[in-house]
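Protein chains: 2
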Amino acid sequence: METILSTQNNRVKEWEKLKTKKGRKKTGLYLIEGRHLVTEVLQSDAITDYIVSTQEELDAISFDISEDKLVIVSDKVADRLSDTVTAQGIFAVVQIPNKQRQIQDPIPDEKGSWLFLDNIQDPGNIGTMVRTADAADFAGVVFGKGTADVFNPKVQRAMQGSQFHIRLVLGNLDEWTQSFKQAKIPVYGTELNPQAKNYQTIEKADDFALIMGNEGNGMSPELLTQTTANLYIPIKGKAESLNVAVAAGVLMFSLKDI
Amino acid sequence: METILSTQNNRVKEWEKLKTKKGRKKTGLYLIEGRHLVTEVLQSDAITDYIVSTQEELDAISFDISEDKLVIVSDKVADRLSDTVTAQGIFAVVQIPNKQRQIQDPIPDEKGSWLFLDNIQDPGNIGTMVRTADAADFAGVVFGKGTADVFNPKVQRAMQGSQFHIRLVLGNLDEWTQSFKQAKIPVYGTELNPQAKNYQTIEKADDFALIMGNEGNGMSPELLTQTTANLYIPIKGKAESLNVAVAAGVLMFSLKDI
Chain A
1058 METILSTQNN RVKEWEKLKT KKGRKKTGLY LIEGRHLVTE VLQSDAITDY IVSTQEELDA
1118 ISFDISEDKL VIVSDKVADR LSDTVTAQGI FAVVQIPNKQ RQIQDPIPDE KGSWLFLDNI
1178 QDPGNIGTMV RTADAADFAG VVFGKGTADV FNPKVQRAMQ GSQFHIRLVL GNLDEWTQSF
1238 KQAKIPVYGT ELNPQAKNYQ TIEKADDFAL IMGNEGNGMS PELLTQTTAN LYIPIKGKAE
1298 SLNVAVAAGV LMFSLKDI
Chain B
1058 METILSTQNN RVKEWEKLKT KKGRKKTGLY LIEGRHLVTE VLQSDAITDY IVSTQEELDA
1118 ISFDISEDKL VIVSDKVADR LSDTVTAQGI FAVVQIPNKQ RQIQDPIPDE KGSWLFLDNI
1178 QDPGNIGTMV RTADAADFAG VVFGKGTADV FNPKVQRAMQ GSQFHIRLVL GNLDEWTQSF
1238 KQAKIPVYGT ELNPQAKNYQ TIEKADDFAL IMGNEGNGMS PELLTQTTAN LYIPIKGKAE
1298 SLNVAVAAGV LMFSLKDI
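Note that the protein sequences, when read in sequence, are chains A and B. Here my numbering is used: the first residue of the first sequence is 1058, the next is one more, and so on. Here my numbering is used: the first residue of the second sequence is 1058, the next is one more, and so on.
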C-alpha cells in the first residue's frame, strides 16, 4: 500500500490527465469518483488498476481489494483528482475495455430496446438518459458522432452506476440504423415537429431503437430521413420544448413494453 | 439612462444581494439573467424595475423599455451579478408579486392538472419539472415545504421562461391535498415502492394533482398517507431509481389527457 501526499507527485499528475479525452486515449484508462461508483466498478467485469482514497474515506467503507492496488492520498490530492466541488475522497483508475475504445459495428439481428444518442453534448443529460434506459430495461445505448465521451468524468458520474448494467458502445448511427431496419426492427427518430408522428400512436414493443438528438438542434437532418418513423411529443402549453432527458424518459417508458 | 462601471457601486451591491433569499425577502425583488428570460419578463405581467445590461448585449437586441429603467454596466459588473460561469450580459430586476411572497391557500374546486413539489432541492430538477408541466399544459405548480425558492436565480434560469406561462404558488401541501380531495379531485403521490400502484393503471384525466418528493428521501411519510393513491413507475433494469425530473415527465405525460 502506497501513500501519496503531494499534488506534485507524478502519478497524481498522470491520473489528473485522465479527466481529458487526450489523457484517456493515451493511457487507455479512466477515472471514476465516489463510493457508489467505486463499489459498482469492483463488482463489475471492468479491470481496476488502482483504488485511490483518503484514509478517512477508506475507513468508512469496506471492500476486498489487494493492498498493492490501494493508494492512500491526502485531501489535497483528492481535491485535485476530483471533478466535483466537494471531493468524495475515493476514486478508481479503471481500464477502458478494448472494444469500447473504437467505433463498433452493429450486431446483425440485435434484439432488445436500444437508445441512440446523436450529438448529445451535456454530460448530465447523457448520464440521465443512460440511467433511464437502464431503468426501462433497455439492452444498450449507442454513442453516435458528436456525443460527449462515455469516459468523461461528468458523464460517468451522471450515469450513477448504470454504465455497469447496460451495454454502452460507440457507433456510426447511420450504420446502426440501416442494420436494424434490415433486421426489420423499427428505428424511431425524434423531432420537434407537429407534422411528425405522435408517439402515443406507436404500440409498445420490445425490439426497437429510439434516437435522441442534440439539445439545441435536434437530430442530424440526414439521419432523420433514414428512420422507420419520426416521433413527436405534443407540446400543449407554451414551453418551447422539453429537456432532452425528460423527452427521452417519456418516450422510453411509452415505447417499451414494460 | 444611467451607466455603472464599478463593482463597488452601491446599487450593484444591492442587486447582488438578490441572489440570496434574505436579499429578496428584504427588497421584494428578484433578478433574472439572459436574453430569453428578459424578453419573456417584459412580455409578462411582472413589473420590471430595471433592465441592467452591457452596451454590447443591448446593441444585439431590441425591445421597448423606457430609458429611466435602463442601466448600462461594465462586463465586470455583469460578471458580478451573474449566476453562471459565462455572464450573459443582460439582467432584469423584477418585483416579486405580492401573492407569491406568502403561502397561498388552496383555491376551492381548483381545476386543471397540478404538480406539487415536496422538498425538492435541486434547482435544475425544479426548473425542468416546471418546464415539463408547462409543456404538458398543467395549470400550475405548488412549491411545498423544503422546496428551493421559486426566485432563486438557478431555479429561475432552469425554468426557461415557463415561470411566465403557468401559475407558481407557495403552498402547504397537506392543505392543498385535503382541498383537492374534498373537491373530489384525485391527488397522486409517488413512491419508490413496488407495492404502490402502477402508474399505467391510472386513466388519463384533466383534473388531478401529482406530488413529487425529495431526490434522496422521496415524499414526506405523512403526506403519503393523505393521497388518493400512491404511484410507482416499474423499474425493470438494475438502476436504483429514476431522476426525479424524468420520473415527473413520465408521469405527467402519462396521467394528463393530451
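No wet-lab data here; the hints were simulated from the structure. Please read these numbers as outputs of a predicted model, since none were measured by experiment. Check before you lean on any hint, since a few could be wrong.
[To be verified] The calculated lysine-lysine pairs, modelled on DSBU-like cross-linking and capped at a C-alpha distance of 30 Å, are: (1) A:Lys1076 - B:Lys1261; (2) B:Lys1293 - A:Lys1211; (3) B:Lys1076 - A:Lys1156; (4) A:Lys1261 - B:Lys1211; (5) B:Lys1211 - A:Lys1293; (6) A:Lys1254 - B:Lys1293; (7) A:Lys1261 - B:Lys1293; (8) A:Lys1293 - B:Lys1156; (9) B:Lys1076 - A:Lys1211; (10) A:Lys1241 - A:Lys1261; (11) A:Lys1261 - A:Lys1202.
[As the list claims (entries may be wrong)] Residues from chain B shown here face chain A by an in silico Cβ test under 10 Å; the list is partial: (12) Gln1145; (13) Gly1218; (14) Pro1291; (15) Lys1295.
[What the hints assert, rightly or not] Coverage of chain B stretches by chain A, computed from C-beta distances (three or more under 8 Å per stretch; other residues unrestricted): (16) 1219-1233; (17) 1259-1272.
Glycine included, C-beta positions come from ideal geometry on N, C-alpha and C.
Would you pick out the hints that fail for this structure and give their numbers low to high?
Structure breaks hints 1, 3, 4, 12, 17.
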